[in-house]
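Could you build all of it, start to finish, from the sequences and the hints given here?
So the protein sequences, as listed, match chains A and B.
Note that this note's numbering gives residue 93 to position 93 of the first sequence, counting from 1, and the numbers run on in steps of one.
Note that this note's numbering gives residue 1022 to position 22 of the second sequence, counting from 1, and the numbers run on in steps of one.
One thing to keep in mind: the hints can contain errors.
Unchecked claim - Quick look at which bits of chain B chain A covers, simulated, 3 or more residues with Cβ under 8 Å:
no., region
1, 1046-1055
2, 1256-1266
3, 1329-1340
4, 1547-1555
Stated by the list, open to error - 27 Å max Cα-Cα, derived DSS-like pairs, lysine-lysine:
no., chain 1, residue 1, chain 2, residue 2
5, B, K1293, A, K194
6, B, K1293, A, K327
7, A, K324, B, K1408
8, A, K32, A, K133
9, B, K1240, A, K338
10, B, K1201, A, K327
11, B, K1524, B, K1544
Claimed, not checked - Simulated DEER-style distance windows between Cβ atoms:
no., chain 1, residue 1, chain 2, residue 2, range
12, A, D308, B, V1243, 44 to 54 Å
13, B, P1470, A, L314, 26 to 36 Å
14, A, G321, B, K1206, 24 to 34 Å
15, B, T1485, A, K194, 29 to 39 Å
16, A, N275, B, E1208, 51 to 61 Å
17, A, D308, B, H1287, 14 to 24 Å
Hints are computed from structural coordinates only; laboratory data are not their basis.
Beta carbons: idealized from backbone N, C-alpha and C, even for Gly.
Residues per chain, in single letters:
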Amino acid sequence: MNQAVDKLTVADYSSDQEVRWCPGCGDYAILKTIQKLMPELNKPRENHVFISGIGCSSRFPYYMNTYGFHTIHGRAPSVATGVKLANPALDVWVITGDGDALSIGGNHTMHALRRNVDLNILLFNNEIYGLTKGQYSPTSKVGTRSPSTPEGSIDRPLSPCAIALGAGAPFVARSIDTEMKHLSAVIKEGYLHKGASFVEILQNCPIYNDGIFEQVKDKKIAADFRIEVEHGQPLLFGKDSNKGLRLNRASLKLEVVTLGDDAILEEILVHDKTNITQANLLAAMQGPHFPIAVGILYHNPVSAYVTDLEQQRLTLRETRGMGKLDKLLHSGHIWEIK
Amino acid sequence: MSAKTQEAVADASHSSQSQALEDVVVRFAGDSGDGMQLTGSNFTEVTALFGNDLATFPDFPAEIRAPAGSTFGVSAFQIYFGSEDITTSGDAVDVLVAMNPAALTTNLETVVPGGLVIADAGAFNEKNLKKANYDSNPLEDGSLDAYRLLTIDIHSQVLAAVEEFELGHKAALRCKNMWTLGLVLWLFDREKDTTIENLQKKFAGKPEIANANIAALNAGHAYGETAELPTGVNVYKVPKAKVAPGTYRNVNGTQALAWGLIAGGQLADINLLFASYPITPASGLLHALAARKEFDVTTFQAEDEIAAVCAAIGASFAGSLGITSSAGPGIALKTEAISLAVSAELPLVVVNTQRGGPSTGLPTKTEQSDLLQAFYGRHGDTPLPVIASSSPSDCFEVAIEAVRLATKYMTPVMLLSDGYISNASEPWLIPDIKDFAAFPVEFHRDPEGFNPSLRDPDSLARVWAKPGTPGLEHRIGGIEKSYETGNISYDPDNHQLMTDTRQAKVAGISADIPQQEVALGENKGKLAVVGWGSTFGPIHQAVKRCRLEGLDVSHVHVRYLCPFPANLKALLSGFDKVLVPEMNTGQLVKILRSEFLIDAKGLNKVSGQPFKIREISNAIKAELA
Ligand code: SF4
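Here it is, written out as structure tokens:
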């Protein structure tokens, strides 16, 4: 099989369907990145299954020349769980958005993560409902003007990565639609992780929420507004890499400091992706006072659900043997009528 | 209870001889902690072994741990047994065992006049009487004069019987139920050995408890033999029923359904994923299958009803058979996803163990009020097959049929059961799985000319190509698909064609199911009583009794509700009148009227209780008057 796998290219992973996102949509870049990544994963094409819910991002499976199922709003993690339970050998991907995964499907996202089903969950976060024409979403910033919030939204947004960490996800990362190299590396790590992996992808919607991630995307200024976390490396950022994150031990809060000004290198926090407390602090950081953290915020593998399930079954079959229906029907009290 | 039984009981009150009866209803009622279910199941076993036909119904309180002595904490177990075929757990009670005042007050109205009431006088103290709202002691104030009363201080009897085991007061009193069972075994001239064996098994690790219970059982039995009992209390003889030879067991609806699903999976040669969320009275099925991992069945307790059905759908997409199960409120939550399975044309079995509604309704009581939901309770034009089990043991075959139809036609199938069927049990001639024709699933493998919209020309079933198969990579979804290619299509004509195709596929199933037969009676005549689901028992008995009285009435019981068997319309048109008893306000009757344009009439009951036989026989007589 591997020989055939090696020969596959982007083209082999593109379906014959015309891609129908709006021109300039961030989804195009994500699609390209994943199509390019696929051959690298070294698995036969038929082994990949993409499951999506409803929303702009959920059209994704139609464009992948793999197995795919475009399901219903919010339920992709549940359908994907069923796929994985039925055939643990498959590589199961969940493509979802901020409304799909965190509003109507919040419950399923939470439970797929806590259960640690071996799914690769990619959440395209554009902080808006695109498909239904621009209503604010659970990740929209306060004050977002939309058809349903003409005076600006008043409810506070949630942070997808913070939710994922809170739900007990063992792999949580964040990346950016147009940063192909970074995005590809992060998704690949998530894929290689055994168990649930969760990647939030900041995705621009040029039609309904254009430019909300501009600060973290614009090459000219991004270095000051985002921090690329790397395991074992000090949490430094800025054009000159002279800004950093320090933990205030009295308040237990992070603070932005400048090397040579109010801090020295030894005081800068070193990223430890296995540290849940640190991951929570990084996930919660919001601009403009803090940089947005991208990269693998947390990675601490625990035994995956389907693996444990199979183990239980094996153990049980060792003691009970394979099920025999006739024996089952005759179990307990039976009697003979002559 | 039959008129004959009533007479026999009335006769019994004038004589002290042992009485031969055709059938008897016994009801054990006591506090939740009194062990009435155990008493009932042991008595059932002895009765079955003796060779009676029987049906039972456990009646649990809704509360998990109700306060002792309270009326809402009363737990009862009813058994109807006899020498003829028994299909219900009986109407009126001939023998009521009341372990305390609460059990008496909540169950007395079920007892036939002249029936026997056995009461534990030891539990009729001031405190318990007050809890049951009695101002004076009914065992002493003459208010039970319409019945034959046997009051025994079972408390003292038990304490004396188990004294030698030095269990302590509380543990000693726990043997009360076995003392009572001993007495009832004597009353029906039954042997004790089976129960003794069961007790030894149950308390294998605690021989002193086993021995105390056995001593109590023996003492209760001996009491019947030796004590001076009031006139009219004597041994009943209920002769053996004529039942087909073979190996039998007792089975309740939950067990039979679980085993039927496993059998269906084997016949289809497919793994099962059973995904469910706890809900009364459907959870038992999840428990039953979760305990059977040695078979090719995986169970998944999802975070909610929607996740459960979606996981089942995902499993079907991946090449297992997804099954989900709930009661009405949970089915309501699943409907959007069920429509997805209809649209994506994936197999799915949806089990609805119906309960009293609407909303939380009566979770522990039974009803048939989700038929219209099963037929129509989805968005869009969304046809799917609906089948219903009519008794506990019938669940086995119905489950196999659900698996067959779902996998053969690539469609969700709604299987209707109810709270009564799931808990009630009956003897079952254990089937041989080799007698069932296998229907192995064939997954598509050939990439040549493949697209996901390929259809079997006869069944109209869409092709099943499971992920992992090389060369068959494809996408499906809930958006309308092209009939030709399976790709997204918004074309108006295509949507009409797809809607018609989905309809035709389900309608076509009528050619693949057995013709409707008459369960009892002639193929035409004055009156057909048409039922579905758990009304089978009372309709059957009512029709049988009316026919014995010479009335021209037949019983037609419909298992395949959607689509109906091809001959159903013709069959029903052979009757002058059609009466449809249902535990709802008239759902099947509405469908029969609209589908067949016949003047079917409803007989409806929505009390959370099964029909009484006489309610149906009265309606039959009124129709034929
Ligand atoms: S509405 Fe926004 S998110 Fe949706 S396709 Fe258009 S640009 Fe992309």
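To see whether the hints hold, each was checked on the structure:
no., hint, verdict
1, 1046-1055, "holds (count 3)"
2, 1256-1266, "holds (count 4)"
3, 1329-1340, "holds (count 3)"
4, 1547-1555, "violated (count 0)"
5, B:K1293 with A:K194, "holds (24 Å)"
6, B:K1293 with A:K327, "holds (14 Å)"
7, A:K324 with B:K1408, "holds (24 Å)"
8, A:K32 with A:K133, "holds (25 Å)"
9, B:K1240 with A:K338, "holds (12 Å)"
10, B:K1201 with A:K327, "holds (20 Å)"
11, B:K1524 with B:K1544, "holds (16 Å)"
12, A:D308 with B:V1243: 44 to 54 Å, "holds (47 Å)"
13, B:P1470 with A:L314: 26 to 36 Å, "holds (28 Å)"
14, A:G321 with B:K1206: 24 to 34 Å, "holds (30 Å)"
15, B:T1485 with A:K194: 29 to 39 Å, "holds (37 Å)"
16, A:N275 with B:E1208: 51 to 61 Å, "holds (57 Å)"
17, A:D308 with B:H1287: 14 to 24 Å, "holds (20 Å)"
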